[in-house]
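**Student:** Work out the full structure: start from the sequences and follow the hints.
Protein chains: 2
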Amino acid sequence: MQIAILAHEKFPGRAKTALGVLRYADYDVEAVLDRDSAGDRVADHVSDVQDAPIVAGMDDVDADVDALLIGIAPIGGGFDESWRDDVRTALERGCDVISGLHYFLEEDEEFAALAAENDCELWDVRKPHDELTVADGVAGDVDAEVILTVGTDCSVGKMTVSMELARDAREAGYDAAVIPTGQTGIMIEGWGNPIDRVVSDFTAGAVEEMIVEKGDEHDYLFVEGQGSIVHPAYSAVTCGILHGSMADQLVLCQEAGKEAIHGYESFEIPSIPSYVDLYEDLAEPLSDATITAGALNTSHLEDDEEARRAVDEYVETLGAPASDVIRFGTDDLLEALLE
Amino acid sequence: MQIAILAHEKFPGRAKTALGVLRYADYDVEAVLDRDSAGDRVADHVSDVQDAPIVAGMDDVDADVDALLIGIAPIGGGFDESWRDDVRTALERGCDVISGLHYFLEEDEEFAALAAENDCELWDVRKPHDELTVADGVAGDVDAEVILTVGTDCSVGKMTVSMELARDAREAGYDAAVIPTGQTGIMIEGWGNPIDRVVSDFTAGAVEEMIVEKGDEHDYLFVEGQGSIVHPAYSAVTCGILHGSMADQLVLCQEAGKEAIHGYESFEIPSIPSYVDLYEDLAEPLSDATITAGALNTSHLEDDEEARRAVDEYVETLGAPASDVIRFGTDDLLEALLE
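Chains G and S, in that order, are what the protein sequence lines are.
What the first sequence shows, in my numbering, is residues 15 to 353, in sequence order.
What the second sequence shows, in my numbering, is residues 15 to 353, in sequence order.
These are calculated hints, taken from the structure and not from any lab test.
All values derive from a computational prediction rather than experimental measurement.
Note that CB positions come from ideal geometry on N, CA and C, so glycine has one too.
Treat the hints with care, as some may be off.
As the list claims (entries may be wrong) - If the Cβ cut is set under 7 Å, some of the chain G residues that face chain S in the computed set are:
1. ASP155
2. SER249
3. HIS257
4. THR306
As the list claims (entries may be wrong) - Sample of chain G residues facing chain S (criterion: CB under 10 Å; computed from the structure):
5. GLY219
6. HIS245
7. GLY271
8. ILE275
9. TYR278
10. PRO284
11. SER288
12. LEU296
13. PRO299
**Tutor:** In structure tokens form, the structure reads like this:
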């Protein structure tokens with residue numbers, strides 16, 4: 015599928031979704047829309063993702079594209095009216111539009127009418143489907159080995175780790191798939207339930223539904239984790255994913271040097287061994303998962319040697335193989351995780 | 015406030031909400047609607063709740079009532095069309111209607127029109143309000159001591175224990191309030207957030223909002239718990255309540271002899287000491303709650319001596335005071351919980 019990505023005024027630094035899609039998705043990205051950098055190329059800004067021209071708007075996209083993907087989100091998740099022309103043009107050209115905004119495009123009268131007229135789909139990634147329900151407790155019955163990323167906090171790299179592990183496992187010849195649980199993961203994979211938006215009673219059920227759907231088709235499922243089990247706001251989602259997935263193995267993700275919960279600085283990050291106990295003890299009655307490997311995000315450390323030392327220290331504290339998967343690769347982790 | 019309770023064909027055995035309201039709410043119940051038992055009185059069927067006549071329908075309610083409360087729920091939570099006449103009559107008489115059904119009365123065209131016409135309120139207890147958001151992590155800052163009931167499973171008596179403890183604490187002269195989290199609790203208290211129906215990301219936030227609202231007005235808050243921390247479907251809600259409430263003390267509720275998770279019989283109930291560790295370890299990084307007391311539901315044991323032995327055994331296993339609060343009262347628990 016060929017797509018364009020809207021990232022006005024935010025590419026690449028504040029366009030996490032756009033970057034995730036460029037890095038991991040199977041789409042051919044024909045253009046990035048950013049009126050501030052029109053004329054540049056993606057490669058002028060980021061080196062390790064697929065390249066594409068940066069253009070000022072949808073009118074300047076010459077290639078045939080199947081969809082326009084909204085690759086940024088303003089604070090609050092609203093729709094920025096300065097994007098309306100681009101979305102309108104896309105729909106008039108017969109493109110689908112993929113959005114992870116809180117503002118649902120299918121509830122926008124103009125877009126809904128244009129989509130109907132031009133036979134296009136408006137895919138609001140953040141809108142849970144209507145048939146979700148409570149878990150049956152059967153995720154443990156699937157054939158696949160289920161590997162879940164868990165974290166010490168939000169934004170420590172759980173999605174990236176799941177994506178890197180699944181991709182490298184596939185490249186090594188294993189049959190592996192990702193179970194996406196958040197908006198960027200869902201956009202990358204092209205399907206999935208937005209777990210943080212479902213009715214709280216259905217949290218585990220919405221994960222289980224995905225595990226059951228894919229669990230007999232693959233040998234390994236890498237489940238994208240969310241939040242942290244001691245996060246003051248998001249622990250419910252984390253707990254629901256742990257039990258809904260009935261994971262067999264866990265990968266504990268941490269950011270080097272992190273000491274307090276981001277945005278909740280009065281709460282200290284517990285020690286790594288206490289996270290190991292918390293996650294394993296909580297999983298035990300349902301799936302007996304163990305933390306088999308760790309991932310340390312060292313992106314803010316400039317020096318490679320310092321990063322290496324931080325990883326070595328993490329390995330020792332964790333008592334399991336670990337790596338910064340972007341900086342040092344996934345070999346040690348995959349050796350521990352795959353049979 | 016004077017109310018009538020609709021409980022057609024289900025009173026009292028299958029009318030849990032009706033019974034909870036009769037037992038704990040401050041309402042004056044003027045009538046119970048059950049066409050199967052019309053002519054009886056509540057006292058003919060249940061001895062320890064307020065008495066009221068049982069009538070065949072709203073037309074037979076002679077007293078002035080302010081509201082009709084739907085006190086039963088069919089499987090699936092739909093609206094039973096055989097109740098339409100009663101709801102219509104109530105609205106025509108100017109009564110509000112209180113419902114915990116999944117089917118929202120305010121979305122029913124006839125009821126919405128009648129309510130507008132007669133200046134009545136349709137209160138769909140299960141519909142979360144629109145301003146819920148993520149937790150700020152501040153429930154621990156309130157003045158009140160926060161006491162949460164937690165359980166080994168669903169339906170072991172958490173709501174009943176919270177209600178009994180709060181009522182008896184008030185009768186002993188303490189300033190205590192209930193924080194309701196489920197539909198029956200909300201109907202009894204006349205306010206509250208239906209935690210199992212909120213967006214999963216807002217689970218802790220919806221609890222925190224209530225704690226912050228009441229936390230400086232009372233000395234003790236008894237928070238109604240939900241589910242169990244190792245429940246295959248509902249653990250997310252349990253975890254969100256634990257962290258959103260930032261409880262100071264926990265009361266572990268169990269049903270005598272329970273060995274497997276109800277409806278998920280392939281999952282054994284862990285040992286009582288492992289529940290203690292799970293709940294306390296998970297609470298520790300945010301609020302350092304301890305399990306100070308226990309409650310054992312012995313309602314299915316006919317013999318009082320057998321029930322007493324079961325409670326004694328539970329006290330020993332738990333290492334804390336415990337009781338069947340209905341059978342043996344709350345004295346031991348309140349002594350442990352209140353300063």
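**Student:** Interface hint check: SER288 (chain G), Cβ to nearest Cβ on chain S, cutoff 10 Å. Holds or violated?
**Tutor:** holds (8 Å)
**Student:** Against chain S, with CB atoms and a cut of 7 Å, does the hint on HIS257 (chain G) hold up?
**Tutor:** holds (5 Å)
**Student:** Closer than 7 Å between Cβ atoms is the bar; does ASP155 (chain G) clear it against chain S? Give me holds or violated.
**Tutor:** violated (10 Å)
**Student:** Is the interface hint for PRO284 (chain G) satisfied, with its Cβ closer than 10 Å to some Cβ of chain S?
**Tutor:** holds (5 Å)
**Student:** Once the shortest beta carbon distance from GLY219 (chain G) to chain S is found, is it less than 10 Å?
**Tutor:** holds (6 Å)
**Student:** Grab the minimum C-beta distance from THR306 (chain G) to chain S and call the hint holds if it beats 7 Å, violated otherwise.
**Tutor:** Violated - the Cβ of THR306 (chain G) stays beyond 7 Å from chain S, reaching only about 21 Å at its closest.
**Student:** Hint HIS245 (chain G) vs chain S: min CB-CB distance below 10 Å?
**Tutor:** Cβ of HIS245 (chain G) sits 8 Å from chain S, so the hint holds.
**Student:** Does TYR278 (chain G) pass the interface hint, meaning its C-beta sits closer than 10 Å to a C-beta of chain S?
**Tutor:** holds (4 Å)
**Student:** Does ILE275 (chain G) hold up as a contact with chain S if the rule is Cβ-Cβ below 10 Å?
**Tutor:** holds (8 Å)
**Student:** For the hint on LEU296 (chain G), just tell me whether its beta-carbon gets within less than 10 Å of chain S.
**Tutor:** holds (6 Å)
**Student:** Are GLY271 (chain G) and chain S close enough, Cβ to Cβ, to be under 10 Å, as the hint says?
**Tutor:** With a minimum Cβ separation of about 18 Å from chain S (threshold 10 Å), the hint on GLY271 (chain G) is violated.
**Student:** SER249 (chain G) was flagged as interface toward chain S. Is the shortest Cβ-Cβ separation under 7 Å?
**Tutor:** holds (5 Å)
Hints 1, 4, 7 from the list above are not met by this structure, while the remaining hints are.
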